[in-house]
Structure formats: C-alpha cells, structure tokens
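Participant: Using the sequences plus the hints, can you model the full thing?
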Amino acid sequence: MIKEYGKRSLQFTSMNKLIIFTISILLSVVALSEEPSISNIDVYPFSDPQKEELFYSLIFELRCPKCQSSNLSGSNSPISNDLKREVYELVNEGKSAQQIEAHLIERYGNFIVYNPPIEPATLVLWYGPLFLLFLSLVIIFYIRRKK
Amino acid sequence: MNKIIDIAPLIIFVALILVLLTFLSEKEDQLESVLIDSTFPEFSIASLKDPKRNLSKKDISELPALINVWATWCIACRIEHPFLMDLKKNSVLKIYGLNYKDEREKALDLLKRDGDPYEFSIYDFDGRLAIDLGVYGAPETFFIDENGVIRERHVGVIDKRVWEEKFAIYLNE
Amino acid sequence: MIPEVGHLALIAHLVLCFFAGIIPLFGIYFRNQALYFSCKRISLLLFSLVSLSFLCLVYSFLIDDFSVAYVAQNSNLNLPFYFKFAATWGAHEGSLILWIFAMNAWLLGFIYLTKSDDESFSLVTFSIACQVMFAFSLFTLFTSNPFERILPIPPINGADLNPSLQDIAFTVHPPLLYFGYSGLLIPFAIAVSAMIFQKETKEWAASARPWALLSCSFLTLGIALGSWWAYYELGWGGWWFWDPVENAAFVPWLLSVALFHSLITSQTKGLFGKWSVLLSIFAFATSLLGTFLVRSGILTSVHAFALDPERGLFILGILAFFIIGSLGIYSLRDFSKPTTEKYEVTSKEFGFLLNNLLLVILAVAILFGTIFPLIYEAITDGRQISVGAPYFEAILFPFAILLGILQGFALYLSWGSTKSFTFLQRILIESVSIFTLLIIFIYVVFSSFNFSSFITIFLSVWIAMGTLQITQRFKSNYWEFLRRRAAVIFAHVGMAILVLGVAVVSNYSIEREIILEKGDSYLLEDKQITFNSMEDKLGPNYVSKLAKITFMDQSSDHEVITEKRTYFPSGQPTTEAGISSNVVRDLYISLGDNLQTDIWSFKVQIKPFIRWIWFGSIMIALGTLIAGIKQIRRS
Numbered sequence: 001m002i003k004e005y006g007k008r009s010l011q012f013t014s015m016n017k018l019i020i021f022t023i024s025i026l027l028s029v030v031a032l033s034e035e036p037s038i039s040n041i042d043v044y045p046f047s048d049p050q051k052e053e054l055f056y057s058l059i060f061e062l063r064c065p066k067c068q069s070s071n072l073s074g075s076n077s078p079i080s081n082d083l084k085r086e087v088y089e090l091v092n093e094g095k096s097a098q099q100i101e102a103h104l105i106e107r108y109g110n111f112i113v114y115n116p117p118i119e120p121a122t123l124v125l126w127y128g129p130l131f132l133l134f135l136s137l138v139i140i141f142y143i144r145r146k147k
Numbered sequence: 148m149n150k151i152i153d154i155a156p157l158i159i160f161v162a163l164i165l166v167l168l169t170f171l172s173e174k175e176d177q178l179e180s181v182l183i184d185s186t187f188p189e190f191s192i193a194s195l196k197d198p199k200r201n202l203s204k205k206d207i208s209e210l211p212a213l214i215n216v217w218a219t220w221c222i223a224c225r226i227e228h229p230f231l232m233d234l235k236k237n238s239v240l241k242i243y244g245l246n247y248k249d250e251r252e253k254a255l256d257l258l259k260r261d262g263d264p265y266e267f268s269i270y271d272f273d274g275r276l277a278i279d280l281g282v283y284g285a286p287e288t289f290f291i292d293e294n295g296v297i298r299e300r301h302v303g304v305i306d307k308r309v310w311e312e313k314f315a316i317y318l319n320e
Numbered sequence: 321m322i323p324e325v326g327h328l329a330l331i332a333h334l335v336l337c338f339f340a341g342i343i344p345l346f347g348i349y350f351r352n353q354a355l356y357f358s359c360k361r362i363s364l365l366l367f368s369l370v371s372l373s374f375l376c377l378v379y380s381f382l383i384d385d386f387s388v389a390y391v392a393q394n395s396n397l398n399l400p401f402y403f404k405f406a407a408t409w410g411a412h413e414g415s416l417i418l419w420i421f422a423m424n425a426w427l428l429g430f431i432y433l434t435k436s437d438d439e440s441f442s443l444v445t446f447s448i449a450c451q452v453m454f455a456f457s458l459f460t461l462f463t464s465n466p467f468e469r470i471l472p473i474p475p476i477n478g479a480d481l482n483p484s485l486q487d488i489a490f491t492v493h494p495p496l497l498y499f500g501y502s503g504l505l506i507p508f509a510i511a512v513s514a515m516i517f518q519k520e521t522k523e524w525a526a527s528a529r530p531w532a533l534l535s536c537s538f539l540t541l542g543i544a545l546g547s548w549w550a551y552y553e554l555g556w557g558g559w560w561f562w563d564p565v566e567n568a569a570f571v572p573w574l575l576s577v578a579l580f581h582s583l584i585t586s587q588t589k590g591l592f593g594k595w596s597v598l599l600s601i602f603a604f605a606t607s608l609l610g611t612f613l614v615r616s617g618i619l620t621s622v623h624a625f626a627l628d629p630e631r632g633l634f635i636l637g638i639l640a641f642f643i644i645g646s647l648g649i650y651s652l653r654d655f656s657k658p659t660t661e662k663y664e665v666t667s668k669e670f671g672f673l674l675n676n677l678l679l680v681i682l683a684v685a686i687l688f689g690t691i692f693p694l695i696y697e698a699i700t701d702g703r704q705i706s707v708g709a710p711y712f713e714a715i716l717f718p719f720a721i722l723l724g725i726l727q728g729f730a731l732y733l734s735w736g737s738t739k740s741f742t743f744l745q746r747i748l749i750e751s752v753s754i755f756t757l758l759i760i761f762i763y764v765v766f767s768s769f770n771f772s773s774f775i776t777i778f779l780s781v782w783i784a785m786g787t788l789q790i791t792q793r794f795k796s797n798y799w800e801f802l803r804r805r806a807a808v809i810f811a812h813v814g815m816a817i818l819v820l821g822v823a824v825v826s827n828y829s830i831e832r833e834i835i836l837e838k839g840d841s842y843l844l845e846d847k848q849i850t851f852n853s854m855e856d857k858l859g860p861n862y863v864s865k866l867a868k869i870t871f872m873d874q875s876s877d878h879e880v881i882t883e884k885r886t887y888f889p890s891g892q893p894t895t896e897a898g899i900s901s902n903v904v905r906d907l908y909i910s911l912g913d914n915l916q917t918d919i920w921s922f923k924v925q926i927k928p929f930i931r932w933i934w935f936g937s938i939m940i941a942l943g944t945l946i947a948g949i950k951q952i953r954r955s
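Quick mapping for you: the protein sequence lines, in order, are chains A, B and C.
Going by our numbering, the first sequence opens with residue 1, and the numbers climb by one from there.
Going by our numbering, the second sequence opens with residue 148, and the numbers climb by one from there.
Going by our numbering, the third sequence opens with residue 321, and the numbers climb by one from there.
Mixed in with the good hints there might be a few duds.
Said to hold, decoys possible - Distance condition first, Cα-Cα at most 25 angstroms in a straight line; then the derived DMTMM-like pairs of lysine to aspartate or glutamate:
#1 C:Lys838 <-> C:Asp873
#2 B:Lys248 <-> A:Glu119
#3 C:Lys865 <-> A:Asp42
#4 B:Lys241 <-> B:Asp153
#5 A:Lys146 <-> B:Asp153
#6 B:Lys205 <-> B:Asp279
Unchecked claim - Here are the computed distance ranges between Cβ atoms for each label pair:
#7 C:Gly645 <-> B:Lys313: 40 to 46 angstroms
#8 B:Ser208 <-> C:Ser484: 46 to 52 angstroms
#9 C:Glu439 <-> A:Leu135: 40 to 46 angstroms
#10 C:Leu397 <-> B:Ser208: 55 to 61 angstroms
#11 B:Asn149 <-> C:Phe801: 38 to 44 angstroms
#12 B:Lys150 <-> C:Lys662: 19 to 25 angstroms
#13 C:Glu468 <-> B:Gly303: 52 to 58 angstroms
#14 B:Arg260 <-> C:Met872: 41 to 47 angstroms
#15 C:Asn465 <-> A:Glu89: 51 to 57 angstroms
#16 B:Met232 <-> C:Gln916: 33 to 39 angstroms
#17 C:Asn477 <-> B:Ser208: 52 to 58 angstroms
#18 C:Phe346 <-> B:Val166: 41 to 47 angstroms
#19 B:Met232 <-> A:Ile118: 53 to 59 angstroms
If you are wondering where the hints come from, they were derived from the structure by calculation, not from laboratory data.
Note that beta-carbon positions come from the ideal geometry of N, C-alpha and C, so glycine has one too.
Facilitator: Take a look at the structure:
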C-alpha cells in the first residue's frame with residue numbers, strides 16, 4: 001500500500017482521511033490509558049542507588065532483638081519491620097552508617113549490631129588472630145634458628 | 148621450653164572447660180536495657196482514650212512511676228494485668244501505659260472489660276516511642292524515678308516476685 | 321514391646337562397651353594375653369546391638385506408637401512416612417542414637433578394613449573407641465532416653481515434627497553431619513593409642529589418615545547440604561550465617577583438613593608427630609564441643625536443641641574426661657622421637673607447617689568469636705554484644721588469602737627443599753589470563769564491576785591453575801598425572817570453584833523488598849517479575865497461601881511457587897521460597913505479608929553463581945572421599 005502511494009503524491013482522498021482519523025483515535029486511546037503496570041513498587045523506595053545499597057547492607061548487619069539469631073533482613077517479625085522502617089527513614093535523611101548504628105546502639109545496646117565494637121574489652125577478639133599468627137611465625141623461626 | 152609447649156594445650160583446654168562451666172550456671176534470657184540511668188525520652192503521641200489529646204513527657208508527672216508496655220495481641224499481658232490492678236488499688240505508685248502497635252477500639256474495649264490500671268495510655272500504634280525505649284516486645288515494664296530517670300526495665304510478665312526483686316528497691320530510695 | 325527391645329539393646333550396648341573399654345587395657349598392662357579378644361567379633365556385636373536399638377526407634381515412629389514419649393513429641397499421624405523415618409533424629413534424644421550408631425559404623429569399618437600386624441595397638445585403639453561409645457550410651461540412657469513411655473494412657477496423636485525440619489534435606493543433612501563428626505573418633509583413638517605405645521609416627525599416621533579424610537568428606541557434604549537447605553528453606557536467601565551451630569561444624573571441619581594434611585607429612589617423612597596427635601585430639605574435641613554447644617542452651621541459635629544445662633554439664637564432663645585424659649598422656653608421655661630431618665623454608669614440609677598453622681589459628685579464632693559474647697558479658701558485668709557475619713568475614717579474609725596463595729603452588733613444592741621457582745612464573749601467567757577472561761565474562765553478564773571481588777576471584781583462579789598445572793598438559797603423561805592426582809585435583813579445584821561462587825554471590829547479589837498486587841509486575845535489572853496468582857492449598861499436614869510468580873527476561877520465562885505455610889498441630893508458620901535457577905544465577909522470591917486484598921509484599925533476590933558454592937563443596941567431598949578410599953586400599 002505504501003509503495004503505491006510512493007508512486008503518486010499523497011492525496012487527501014476521503015479514504016486517507018478516514019485512515020488518518022482512525023489512527024489518531026487509536027494513538028490517543030493508547031496514550032491516555034493506564035500503562036500495563038511495570039510498577040516498580042518498592043517497600044523501601046529510594047531515589048539514590050547509593051542510599052539503597054546502604055540500606056540493604058545495614059539491615060544485613062543489624063540484629064533482630066527478638067529473634068533467636070537473625071538479622072533484620074532475614075526477619076519478618078514486627079520489631080524487625082519497625083526497625084527496618086527506622087533505618088529506612090534515617091538513610092533517607094542522609095545519615096551515615098556509623099550514625100545509624102550509633103542511633104540504634106543508643107537504644108538497644110551493642111547487641112543489635114553484628115559487628116562487635118572495637119574497645120579494650122574486644123581487642124583480643126579483633127587483633128588476636130593476626131597477632132597469634134605473627135607470634136607463631138616468630139616462634140617457628142626462632143626454633144629453626146636454634147637448630 | 149619444650150616442657151612448656153607440651154603442657155600448654157592441656158592448660159588451655161582446662162581453662163576452656165572452666166569458662167564453659169561458668170556459662171552453664173547463669174543464663175539471662177532478656178536483653179539488658181542500655182537506657183538504665185538515662186532520662187525518659189521525649190515524645191509527642193496521641194492518647195489512647197482521647198485521639199485529640201497529645202501526650203508528651205511532661206504528662207508523666209506523678210513520679211516515681213511504672214511505664215507498662217501492653218497490647219491486646221499480647222497474651223502474657225493478660226496474665227500480669229491483675230497485678231497491675233492491684234498496684235493501682237493499693238496506691239503503690241502510678242502506672243502509665245504504652246499501648247504498643249495495637250488497634251484503638253480493641254484496646255479501649257479491653258480496658259473497659261478488664262479494668263484500667265493506667266493514668267493514661269500512649270497510643271504508640273507504629274512503635275516509635277517503643278524503639279526509642281529499646282522495647283522489642285510486650286509485656287515490658289520500666290521504672291521511672293522521681294527525677295524522670297529510667298532505673299530498671301523488666302522484659303516479661305511482672306508479678307509480685309518480680310516487683311519485689313527488681314522494682315520495689317527503687318521505690319524505697 | 322518393641323521400644324523395650326530397643327531400650328534393652330542400648331543397655332546391652334552400654335555394658336559391652338564398658339567391658340570392651342577396660343579389659344584390653346588390663347590385658348596390656350598386666351601383659352595377660354588371655355584378656356585379649358577379637359575386635360572383629362565384638363565390634364560386629366556392638367554394631368548389631370545399636371542397629372537393633374535404632375531400628376526399634378524407627379519402627380515406633382513408622383507405626384505411630386505415641387506411647388513412646390519421643391515419638392509423641394516429634395511425630396504426628398498426618399506426617400508423611402519419610403518424615404516419620406527422619407523424625408528419629410529430629411530432636412535431642414533420637415539424634416544421640418544416630419551418633420552412637422554412626423560411631424559404631426566407623427569402628428566396624430576401621431576394624432574390618434584395616435590390616436594390622438600390631439594386635440595390642442589395634443586392641444587399645446578399639447578400647448578407647450569403646451570408652452567413648454560407652455560415655456555416649458551412658459549419657460543417652462541416663463539423661464536423654466528416647467525409649468521413655470507415656471503409660472498407661474498414650475496420647476492419640478503427636479505434637480508433630482518441627483515444620484522447618486519437614487523437608488527432604490532433613491532426611492540427609494543430620495546423618496551426614498553426624499557421620500562426619502563421629503568419624504573423628506577413629507583418628508582420636510589411634511592417636512591416643514599411638515602415644516601409649518610410642519608408635520612410629522609413619523605407621524600410626526598411615527593408619528589414621530584414611531579415617532580423617534573420610535570424616536572430612538562427610539562433614540563437607542553435611543555442611544554443604546545444611547547451607548543449601550538453609551538457603552531455600554528459611555526464605556531469606558542466605559547460605560551461611562555464622563550461626564553458633566554452623567561454626568560448631570566449621571571448626572572441626574577446619575581441624576580435620578589440617579589433620580589429614582599433617583598426616584601426609586607424618587606418613588611420608590615421619591615429621592609433625594606432635595602436630596598430628598594434637599590435631600587428632602582437637603578435631604575430635606571440637607566435634608564434641610559442637611554437640612555441647614547445641615544442647616546445653618548457652619548459645620542462642622536457630623539450631624538449638626532442647627535447652628538443658630544439666631545435659632550440657634554431662635557432655636562437658638564427657639569432653640573433659642577424654643580430652644584432659646588424652647592431653648595428660650600427651651604432656652607426660654615421651655612418645656615422639658626428635659626429628660633429625662631438616663627442611664628448608666622453601667620445602668613442602670614448611671608449606672604443610674604453614675597450612676597447619678593457618679587452619680588452626682582460624683579455627684581457634686572462629687571458636688573464640690562464637691563464645692565471645694558470653695565472655696564479654698562476664699567480664700563487663702552484664703553488657704551484651706553480638707559477634708556475627710561482619711566480624712567472622714573480616715577475620716576469615718586474610719586467612720583465606722594466605723591459605724589460597726599457599727594452595728596454589730603447594731603441589732609444586734619438593735620435600736626438603738625446592739630448587740627452582742619457575743613454576744611461580746607459569747602459574748602467575750596462567751592465572752592472570754584466565755582471570756582476565758573471567759572478569760570480562762562477569763562484566764558482560766552482570767554489567768557491573770566490584771573491585772573488592774577481584775582479589776577473591778583472582779585467588780580462585782590461582783588455586784585452580786596451580787592445581788591443574790595446565791601448561792604441563794603439553795608434556796606426555798598429563799592424563800596419567802590427572803588420574804594419579806584425581807583426589808587432590810577434585811578437592812582443590814572444588815575449593816577454587818567454591819571460592820569463586822562465594823566471591824561472586826557476595827559482591828554481585830541484589831535484593832529488594834517489594835509490594836505487588838495480583839497481576840502486577842516489577843522490573844529488577846532486566847528481569848520482569850509478575851505476580852500471577854494466589855491460591856489456597858491444603859497439604860498433608862499444613863494449609864498454605866500459594867503465590868505463583870513468573871520470572872521473565874529476554875532469554876527465559878520461568879514460573880515459580882512461593883508459599884506461606886501454617887502447619888496444623890503446632891500452628892507454626894514457614895515460608896517456602898520460589899527459586900528459578902540456572903548455572904550462572906538463582907532468581908529467588910519469598911512471600912511476605914498480606915497487606916491488603918490481593919496485595920502482598922515479597923522479597924526478591926538475584927543470587928549469581930550461588931550454585932557454584934555447593935558444586936565446589938561436592939567436589940571437595942568427592943576428592944576427600946576418593947583419597948580416603950585410596951588410602952584404605954593401600955594399607
């Protein structure tokens with residue numbers, strides 16, 4: 001059909017008008033109708049992907065205070081959902097990871113963070129293993145030298 | 148030197164056993180509150196009975212007092228309810244309620260049915276004040292002294308024994 | 321009647337273990353050969369007794385005999401029959417019978433498959449093993465008897481098996497794990513016996529090595545299965561949580577790996593006699609410790625069995641008796657001849673020494689981290705902290721790097737001293753080329769770069785290239801080389817694959833919590849996720865809300881089911897995840913809450929390369945299995 005029109009100039013015949021009219025109606029119907037929903041409805045919507053990443057990494061490191069042994073990410077209990085909401089709001093306000101963790105530690109204690117604090121009482125925990133490795137190597141080389 | 152290395156594993160292991168032994172004897176099954184000795188947090192939340200009345204910290208005026216976290220979905224709260232009514236009846240101290248993530252109608256019905264031991268109940272439907280208090284479930288009870296400082300928190304049912312062992316001491320100060 | 325038979329069989333087992341555990345020791349001490357007996361006959365008898373006991377318990381489950389308290393607590397009329405069978409080990413009491421059964425099976429295997437010319441040595445090894453089995457039988461009969469009855473009126477129906485356990489993986493995971501744990505009994509018994517007899521390091525190491533390998537194989541499979549099961553069953557898409565009980569299995573695994581590596585040097589060169597003895601003792605000790613941690617209630621965990629400090633005390637006593645006993649012998653007995661063989665820092669021996677060191681310190685660190693919250697609470701007078709994934713991952717990382725580097729070129733090291741290091745150049749070139757290809761592939765598939773994953777991915781390639789020695793294939797007997805080294809190649813390449821899986825899934829996973837209405841779609845990366853339907857389903861012992869979800873992208877279209885189940889007798893809910901998997905990634909979705917009519921929340925995740933973790937684990941298990949069988953055949 002288009003090839004035929006190509007040979008002659010486009011004439012405003014009544015047939016053409018009808019076609020144009022129908023196509024316009026169809027286009028406007030499509031334009032005005034609801035888009036079939038690719039809705040992207042997040043429970044925790046973020047405009048900033050960095051904030052989104054921060055949120056998901058935080059709920060992975062924060063502990064559910066009521067569960068036997070679970071992080072917020074893996075728990076659907078009411079308190080976990082409330083805490084997730086709290087974290088979500090704080091992330092959106094632009095708070096940093098340390099600030100958010102501090103906020104929750106203020107209320108629930110260090111228990112709520114799976115990352116133990118670095119303080120005098122936890123020095124052995126954090127630096128023990130590598131120190132032990134270093135010490136062992138020193139001892140081994142010392143014994144070898146003696147022989 | 149060699150002898151030390153030989154006997155070291157034994158000593159370390161014995162130490163481990165002793166450590167594990169001590170762990171067996173004590174077992175605290177509640178999360179310790181880190182808010183002990185800090186002031187009760189600020190808040191601005193509607194009252195349970197009167198949606199138009201906004202409650203804040205200064206409304207908790209008659210100190211020392213208990214703040215009791217309760218809800219209609221909490222079965223254990225029903226168990227401790229008579230004890231709270233007792234405390235009110237004997238004018239021991241005032242009790243303020245924190246209605247935790249509940250439905251207003253159901254909560255009001257319950258108080259009407261079983262009695263209301265609270266001066267008022269804070270309608271904390273989304274649990275925000277609860278988070279500021281480090282609450283993670285119901286029932287929980289806080290003791291606030293005459294200066295508005297949190298002195299003790301109990302997770303679980305409060306009864307005569309818990310009251311005497313954990314809370315009564317602060318009353319007598 | 322049947323439960324009583326089972327009960328009596330267990331008592332008979334107890335008594336026989338008692339005598340088998342001490343009579344030979346008297347015989348050796350008083351040099352009275354009349355007190356010797358045939359290990360083969362006794363071990364067969366013991367095995368028959370415990371099998372009878374075990375079968376009686378199984379039978380009680382299968383016929384729904386709720387007069388047996390343990391059956392009533394863990395089963396139900398509506399429970400499918402294969403779960404009734406598995407419910408035997410569903411709780412503390414029954415799992416102990418499984419433990420004892422496993423120990424007997426190992427002992428039987430050891431006695432029949434090991435040719436030994438030293439009769440007293442075998443006898444004492446057997447005795448010690450019997451002592452351990454005696455301790456477990458005593459513990460079971462006195463504190464955790466599965467044959468206790470509810471009489472005269474038994475309940476009509478049982479409480480039901482814990483719904484999280486009602487899954488096919490449950491029928492295999494605990495048995496594999498228990499066989500892994502209990503197998504470490506054999507190297508332990510051999511090591512203690514070796515100390516007593518001041519046996520040649522080379523000889524006893526040869527004897528112990530296959531059993532360390534086989535135990536490790538079972539442990540590997542058991543742990544991998546646990547990880548896979550947690551992944552699809554618990555509904556949140558994680559595959560390792562550093563939960564106390566997971567750590568309780570990981571620590572013996574690390575020590576068993578250190579053990580069989582150390583035994584290679586002990587068997588070949590007669591070195592590391594003391595290392596091997598200590599590793600044998602502590603591998604077994606940590607497997608007992610794991611049992612203690614799970615059943616004593618001192619640690620909160622998703623896995624915790626019945627919380628009972630009394631039982632914990634008993635297990636601690638068993639642990640103390642055997643380990644303090646064996647370590648006492650270690651301290652006092654002069655059993656190891658001083659080594660005259662020297663080895664350079666560049667040698668295979670030194671490589672094995674480093675290997676031992678790294679694995680042991682890592683194991684100690686993980687164990688310490690697991691119980692640290694309790695220590696902290698004690699020393700800070702009540703303050704509580706959590707030690708979880710961030711800590712363990714931070715600690716694991718440097719050790720994994722060092723171990724991985726070692727693993728890459730360890731096979732090239734020579735005994736005594738390595739003359740030429742040109743192989744390092746070769747491995748480096750091979751690794752860099754494959755690494756580059758892999759990075760390009762990952763970029764193409766996932767369209768994102770993550771520099772922190774590069775180290776781990778390179779490590780994985782390094783290990784694989786080092787093990788496969790690809791450039792050697794141009795020499796004539798490459799296939800012969802592969803065949804001879806099948807075991808180590810499976811194991812080490814398996815590790816490389818596992819590390820790759822971990823690197824990718826840890827750095828390139830995506831998760832979202834979303835809300836969908838029936839008919840809605842969500843676009844995650846290039847995948848369209850459509851919520852097709854929601855229906856109610858009635859299962860044999862549960863009712864569920866079943867959602868059908870379609871994952872669609874340019875290449876594929878896959879429908880999965882995710883459910884929220886509520887089990888009848890207990891009312892306990894579980895979430896079943898819907899998973900669509902292929903070689904490169906899993907698409908994972910789990911049903912959340914019903915927010916409004918036809919509107920539900922979901923958690924959707926993309927987990928790339930996650931199957932590689934379990935595939936790698938299976939290869940490791942296969943490698944150690946092949947090695948173990950080879951060693952048994954050689955002896």
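Participant: Taking the beta carbons of phenylalanine 346 of chain C and valine 166 of chain B, is their distance inside 41 to 47 angstroms?
Facilitator: violated (36 angstroms)
Participant: Range hint 46 to 52 angstroms: satisfied by the CB atoms of serine 208 of chain B and serine 484 of chain C?
Facilitator: holds (49 angstroms)
Participant: Range hint 53 to 59 angstroms: satisfied by the CB atoms of methionine 232 of chain B and isoleucine 118 of chain A?
Facilitator: Violated: the Cβ-Cβ distance is about 48 angstroms, outside 53 to 59 angstroms.
Participant: Does the structure keep lysine 865 of chain C and aspartate 42 of chain A at a Cα separation of 25 angstroms or less?
Facilitator: holds (22 angstroms)
Participant: Go ahead and decide if the range 51 to 57 angstroms is satisfied by the Cβ distance of asparagine 465 of chain C to glutamate 89 of chain A.
Facilitator: holds (54 angstroms)
Participant: Tell me if the straight-line CA distance from lysine 838 of chain C to aspartate 873 of chain C falls inside 25 angstroms.
Facilitator: holds (20 angstroms)
Participant: Indicate whether the distance between the beta carbons of asparagine 477 of chain C and serine 208 of chain B respects the range 52 to 58 angstroms.
Facilitator: About 56 angstroms separates the Cβ atoms of asparagine 477 of chain C and serine 208 of chain B, which means 52 to 58 angstroms holds.
Participant: Given a hinted range of 38 to 44 angstroms, is it respected by the beta-carbon distance of asparagine 149 of chain B and phenylalanine 801 of chain C?
Facilitator: For phenylalanine 801 of chain C against asparagine 149 of chain B, whose Cβ atoms are near 41 angstroms apart, the range 38 to 44 angstroms holds.
Participant: Within 25 angstroms, alpha carbon to alpha carbon, are lysine 205 of chain B and aspartate 279 of chain B?
Facilitator: Satisfied, since the Cα-Cα distance of roughly 16 angstroms is no more than 25 angstroms.
Participant: Can you let me know if the beta-carbon spacing of glutamate 468 of chain C and glycine 303 of chain B is within 52 to 58 angstroms?
Facilitator: Violated, at about 31 angstroms.
Participant: Is 40 to 46 angstroms a correct range for the gap between the Cβ atoms of glutamate 439 of chain C and leucine 135 of chain A?
Facilitator: holds (44 angstroms)
Participant: Honestly, do lysine 150 of chain B and lysine 662 of chain C meet the 19 to 25 angstroms range at C-beta?
Facilitator: For lysine 150 of chain B and lysine 662 of chain C the Cβ distance comes to about 23 angstroms; the hint holds.
The structure does not agree with the numbered hints 2, 4, 13, 14, 18 and 19 stated previously, though it agrees with the rest.
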